[in-house]
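Enquirer: Sequence:
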Amino acid sequence: MLLTKKTTAANSVSRQGERESSAFIHSLRRGLSGALPTMDRRAFLRRSGLGVGVGLAAGQLTLMRKAEAAGDARPTAVGAGKVEIKRTVCSHCSVGCASDAVVENGVWVRQEPVFDSPINLGAHCAKGAALREHGHGEYRLRYPMKLVDGKYQRISWDTALDEITARLKELRQASGPDSIYWIGSSKHSNEQSYLMRKFVSFWGSNNCDHQARICHSTTVAGVANTWGYGAMTNSYNDMRGAKVALYIGSNAAEAHPVSMLHMLHAKEHGCKMIVVDPRFTRTAAKADEYVRIRSGSDIPFLFGVLHHIFKNGWEDKKYINDRVFGMEKVREDVLAKWTPDKVEEACGVPEAQVLKVATWLNENRPGTIVWCMGQTQHTIGNAMVRASCILQLALGNVGKSGGGTNIFRGHDNVQGATDVGPNPDSLPGYYGIVDGSWKHFASAWGVDYEWIKGRFASPAMMTKPGITVSRWIDGVLEKNELIDQDSNLRGVFYWGHAPNSQTRGLEMKRAMDKLDLLVVVDPYPSATAAMAAMPGRPEDQNPSRAVYLLPACTQFETSGSVTASNRSLQWREKVIEPLWESRSDHMIMQQFADRLGFGKELSKNYKMQKVKGMDEPVPDDILREINKCVWTIGYTGQSPERLQAHMRNMGAFDVRTLKAKGGTKDKVNGYDMTGDYFGLPWPCFGTPELKHPGSPNLYDTSKHVMDGGGNFRANFGVERDGKNLLAEDGSHSVGADITTGYPELDHVLLKKLGWWDELTEAEKPKAEGKNWKTDSSGGMIRVFMKNHGCHPFGNAKARALVWNFPDAIPQHREPLYGNRPDLMAKYPTHDDKMAFWRLPTLYKTVQQKNIADKVHEKFPYIMTSGRLVEYEGGGEETRSNPWLAELQQEMFIEINPKVAAEKGIRNGERAWVHTPTGAKLNVQALVTERVGPDTVFMPFHFSGRWQGVDMLGYYPAGAAPVVRGEAINTATTYGYDSVTMMQETKTTVCNVEKA
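As numbered in UniProt numbering, residues 1 to 995 make up the sequence shown, in order.
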């Protein structure tokens with residue numbers, strides 16, 4: 001932690017503390033006159049605090065009593081006025097920590113981490129502990145604003161909506177629906193994410209995306225193409241059963257702090273912890289073995305480990321034979337290419353340490369592997385992800401409790417937004433954008449398929465993936481003849497997304513200046529507002545550009561579900577009513593849809609509720625619509641009623657297995673949760689009435705499918721090159737009537753098996769001609785799973801060989817910008833691509849030019865980035881929170897003492913960071929051996945300073961973050977994954993000079 005001179009945060013915290021103390025004393029005096037509460041688990045813990053301080057403990061005891069709501073055992077405060085307890089979920093990272101908000105007369109006065117939550121166990125990190133400030137924060141955007149003559153001016157909602165709508169219609173008429181780009185948010189609830197994809201579909205475009213593209217799109221693609229679903233296979237809780245855990249590209253102690261509780265429990269029971277990272281992180285400090293690798297060299301390391309596993313015959317041969325396709329090809333490649341000398345040359349790790357890691361993985365099974373953006377944000381991120389998957393398949397660790405691939409997401413709903421939200425290449429549930437998928441959703445939405453088709457520029461554009469959020473700037477700046485759509489982008493909606501989380505900041509500023517329309521919808525105005533108002537290059541200015549800021553609610557001012565990394569869904573209650581003039585995201589979508597002419601179609605299946613006198617779609621009804629159509633990944637069993645019962649009864653679920661104890665009924669709706677897994681982790685198949693319990697661990701053949709068991713998905717055919725792609729005989733989930741591999745379920749297979757007549761007469765017409773993903777009755781799933789114990793997505797082998805990717809076997813390729821030209825020559829990047837996600841994408845052209853220009857001599861240090869425990873994402877929200885702003889007041893760069901000595905930079909002094917883009921950053925130096933002499937590290941949460949200049953004057957008055965600093969992505973370079981267009985943020989180059 002780097003603490004320097006005090007900022008206004010200190011004063012803000014002091015004033016806030018005085019108010020809190022006064023309120024607490026007042027409440028204490030009232031509470032002492034009340035009766036003591038009935039003892040519960042939480043109260044018991046409080047009573048143990050008497051030894052700490054009598055006054056504090058007395059306050060805790062006497063201020064609490066049982067809630068009066070039927071069936072609600074949560075405590076409320078005693079005293080005058082209406083007091084309610086609202087259960088919500090932390091809006092930072094993706095662990096899914098639950099928090100109880102105490103609301104008195106509509107004001108959120110205090111909060112408690114939920115002791116009974118099986119996920120956070122009564123714990124919070126710094127961000128979670130400061131949640132209340134995000135709702136009542138004084139630095140929020142309070143009302144709509146418009147940029148006029150370089151300054152933001154307040155306008156009314158009607159004016160903003162009418163003017164924006166008029167401009168949208170003008171641009172659509174002149175340049176078509178694809179001229180507008182819609183950036184959604186991984187902080188939207190599932191319902192809002194889903195509604196946004198529906199909204200953009202009715203607008204008539206696939207030009208939409210959200211944060212997952214720049215954090216885990218390579219995970220989704222790599223993992224899904226290996227064994228079926230692109231998500232974490234197990235859970236934080238299940239990691240308690242691991243015998244060894246390999247963290248690679250994950251700094252969980254800072255990025256996902258509460259997840260570490262479960263790993264520390266595992267360590268208490270003998271689990272060995274290995275951390276592989278270019279930087280000695282706080283997670284590495286907890287490791288039994290720390291391995292420092294060169295940034296971007298994950299594949300050489302992983303395949304170096306695999307080399308020893310194969311060489312010593314440590315692979316799980318039966319598992320591979322029964323459940324894995326193509327491993328023999330991988331074995332040949334690894335043994336030939338990744339000998340210990342080649343491994344050490346490429347990643348810097350000596351043979352002895354690589355062998356030690358391989359030995360530990362062999363001797364301690366089951367073992368789990370954890371990765372995050374340290375592995376995904378590379379031009380070969382998809383290959384790195386698959387290398388991790390292959391290692392686990394070779395060891396037989398997938399589909400095992402204590403094993404699997406545990407992939408931690410970065411925002412509270414990145415997983416859910418990816419599952420059902422605004423992806424440019426899929427509809428909710430990863431249904432492709434082919435005609436059959438559009439017809440399925442047209443039916444679910446109750447609109448005519450031809451009407452939706454008519455909304456698009458052409459039928460061809462309806463089935464063409466859109467531009468990705470990582471490349472929207474090129475949608476503006478690229479030559480029109482090189483873009484695979486009629487028009488360049490002319491308008492952009494930033495709907496809950498931070499621009500400083502994207503690379504190539506200098507070019508992004510140019511793109512913003514050239515737009516005709518820029519709209520920011522956010523509780524906090526984000527760096528977008530300041531970047532848009534800041535003067536840019538004269539040649540980029542568009543005199544007709546219109547910029548608007550719209551105040552959205554926080555997730556504490558609405559209700560809805562959110563999906564944690566472990567795929568469990570949780571329901572947030574509305575904590576407070578929308579403050580100031582803020583409106584919920586789904587209300588704003590509805591209001592735009594009404595003005596654009598498709599409001600009735602958008603909300604056809606939803607009731608409306610009044611909020612501040614205006615219509616807002618009911619989130620429960622949006623989830624019910626999701627339940628009726630997103631069969632592919634099992635978002636169909638988690639009805640609002642089931643999820644809400646889980647939230648009220650968290651103590652009923654086992655901390656290790658997440659399974660509810662027998663005889664557990666909700667007192668409010670009578671729902672029996674016996675056998676359910678907490679949050680009904682997807683896939684939760686069939687209708688809610690089927691009562692599938694959710695799937696805690698994917699691909700686990702040791703359990704019946706109606707107890708969350710399963711196998712690998714048959715998503716890639718039944719044969720390849722004359723070899724079987726389906727599971728071998730005898731490899732099946734417990735209790736399955738089909739004891740060999742089988743393809744995915746459709747009406748033909750159901751008839752061939754003689755099970756068709758087990759459908760009801762009402763189900764048969766809906767199932768005729770359909771497969772399990774498009775049968776709107778859910779009858780096919782019911783018959784296959786409940787009656788016969790079989791999985792609707794089939795039973796196949798995982799693919800170690802992914803023939804539809806650029807490299808069927810993962811290959812190490814050096815980044816476009818590097819400091820090792822010798823290795824760039826040995827391991828060159830991909831060839832350039834044209835019309836890739838609608839844009840030309842350069843690889844070899846950039847890399848070879850960098851070698852020729854000797855960029856490594858001018859910029860000798862590898863520049864990488866990562867998270868801090870105090871802040872999240874682009875940081876605008878958390879840096880606007882005085883409690884968190886006090887903890888980390890400066891953007892900084894970590895440099896090795898050797899580099900500091902060479903450059904004459906002392907700890908705490910200012911430094912300039914230069915990159916090949918021409919950008920320069922003014923930051924504070926932190927001299928530390930956390931990084932090696934070839935590497936520098938900077939956090940990615942900062943914005944508000946631009947190449948040495950404070951941007952305070954460009955924010956709306958009163959809505960600037962407390963802490964401002966340079967954004968590392970102002971200076972990051974060009975580079976994108978060859979499958980998903982993931983941006984390269986972890987391996988580029990820079991130089992450092994004393995300021």
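Just so you know, not all the hints are guaranteed correct.
Calculated lysine-lysine pairs in the BS3-like style (CA-CA distance at most 25 Å, straight line) [to be verified]:
| id | residue 1 | residue 2 |
| --- | --- | --- |
| 1 | Lys826 | Lys858 |
| 2 | Lys342 | Lys833 |
| 3 | Lys311 | Lys342 |
| 4 | Lys770 | Lys751 |
| 5 | Lys86 | Lys514 |
| 6 | Lys833 | Lys479 |
Distance windows between CB atoms, simulated [stated by the list, open to error]:
| id | residue 1 | residue 2 | range |
| --- | --- | --- | --- |
| 7 | Ser443 | Pro840 | 35 to 45 Å |
| 8 | Lys317 | Glu289 | 39 to 49 Å |
| 9 | Lys604 | Gly432 | 21 to 31 Å |
| 10 | Thr845 | Trp157 | 42 to 52 Å |
| 11 | Gly651 | Asp831 | 48 to 58 Å |
| 12 | Gly432 | Thr740 | 57 to 67 Å |
Calculated directly from the structure, the hints in this document are not laboratory data.
Glycine included, each C-beta is placed from N, C-alpha and C at the ideal position.
Enquirer: Indicate, hint by hint, whether the structure satisfies it.
Expert: Each hint tested on the structure:
no., hint, in the structure
1, Lys826 with Lys858, "holds (21 Å)"
2, Lys342 with Lys833, "violated (29 Å)"
3, Lys311 with Lys342, "holds (15 Å)"
4, Lys770 with Lys751, "holds (12 Å)"
5, Lys86 with Lys514, "violated (45 Å)"
6, Lys833 with Lys479, "holds (15 Å)"
7, Ser443 with Pro840: 35 to 45 Å, "holds (37 Å)"
8, Lys317 with Glu289: 39 to 49 Å, "violated (27 Å)"
9, Lys604 with Gly432: 21 to 31 Å, "holds (24 Å)"
10, Thr845 with Trp157: 42 to 52 Å, "holds (48 Å)"
11, Gly651 with Asp831: 48 to 58 Å, "holds (57 Å)"
12, Gly432 with Thr740: 57 to 67 Å, "violated (28 Å)"
Violated hints for the displayed structure, listed by number in ascending order: 2, 5, 8, 12.
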